[in-house]
Amino acid sequence: MADLDQVKRLIAESLPGAEVEVVDEGGGDHLRAVVSAPQFEGLSRIDQHRLVRSPVQHLMDDGTIHALSIRATDPTR
Amino acid sequence: MPADPELKTKVEEIIRDNDVLLLMKGTPEMPRCGFSMRLVGMLEQLGAEYGAVDVLPALDPLREATGEISDWRTFPQLYVKGQLVGGCDIVEEMFDSGELAGMLGVSQPVGAAAPEPERILPGGSQQSPPMQLG
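From first to last, the protein sequence lines are chains H and S. Just so you know, we're using our numbering here: the first sequence kicks off at 1 and counts up by one. Just so you know, we're using our numbering here: the second sequence kicks off at 1001 and counts up by one.
Here chain S stands alone, though its shape is the one from the complex (with noise of 0.2 Å):
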């Protein structure tokens, strides 16, 4: 099925206009996924600013727009600079290796660690609020 050309369109601009933008099942505040929490909580941790769009009220037509724009289809999606950097295993490597720091342009915190589910604090002073999506 064709992604909807309005929703595609949307998307796009919400990717270009956001350096740092996750596309996630729920919001930073309350992640409905517990991949969606661990990237939620990777951002936090390096106090990255980064854009957030909760994907559930929209999930199956958002699938078709990402696939078409970033051949991805699950979420979540981690977007730097308008390029799709990863889900949620991609980041955590990368996270790890200090390379997502670099990427983000913020120093990696001492003896950070990927964070486990359980060790999530959700909430935090740097996320934005949830975009709508229209």
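The following block holds chain H by itself, in its conformation from the complex (with noise of 0.2 Å):
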């Protein structure tokens, strides 16, 4: 089970100024993280994602999380 304001925490720190929010959509290890970050500008969608989850990858790989799905806006768009 994964606690949604750490890992909240956890994307917010590593994208400094970035609007993030992050949901159980079942289970409370599928979850989905809505992220709006100023480092997302001119950068593929492959790698605002890899953002996102940079941080959080080793829950992901621990099992603490089982499925990210993300949702990432550039605000500047």
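Derived from the structure by calculation, the hints contain no laboratory data. Please note that a few of the clues may not be correct.
[Stated by the list, open to error] Here are the computed lysine to any residue pairs in the SDA-like style, where the Cα-Cα straight-line distance is at most 25 Å: (1) S/1008 x H/54; (2) S/1081 x H/42; (3) S/1025 x H/8; (4) H/8 x H/53; (5) S/1081 x H/47; (6) S/1025 x H/42.
Predicted, not measured: the structure shown is a model, and the values here were computed from it.
With the hints as a guide, dock the two chains, each given alone in a separate frame, to form the complex.
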């Protein structure tokens, strides 16, 4: 069971200035992150998702998070 | 754990040799995960030609391999012209916006929307047979 606040904090800390929302989509281990971050500007979607995923990768590797769906938006677009 | 070099080379070759490649759980005829099923549905709806590899027989070694190749360890993964485009989330956004059709050089079907899981009928004329990894 993932701690939503912890997941949100990890993402927010690695992307200063970002707006981050994390919700449980089911069972406590299928999460959805909605992130708008200035760091996304000019990046491909896959790179935007990598930025969101990387601070919580360890939680995915150890199975705390089974699935993380990501909605990344660039606030400048 | 480092990836098996032989497997990694094999995956790199398959990515290089297929303009559109789907690494998925199950086969296009019988997807074994909802996200893989949705991706197959989108490619079928666009009438795209694509190669598909079932990752389930070697799931963990393939995670290690794609982790090293493209810094991505979850499946499905869609590659176009050798580049990882994304998993289900990204491809769905690109399908809805028409970007995916553009990238694949096909026309967006009128009124197309990313298929919901229950609307997908697996199977179709365009799909390639699944490839074996060795």
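Which hint numbers does the structure go against, in order from smallest to largest? 3, 6
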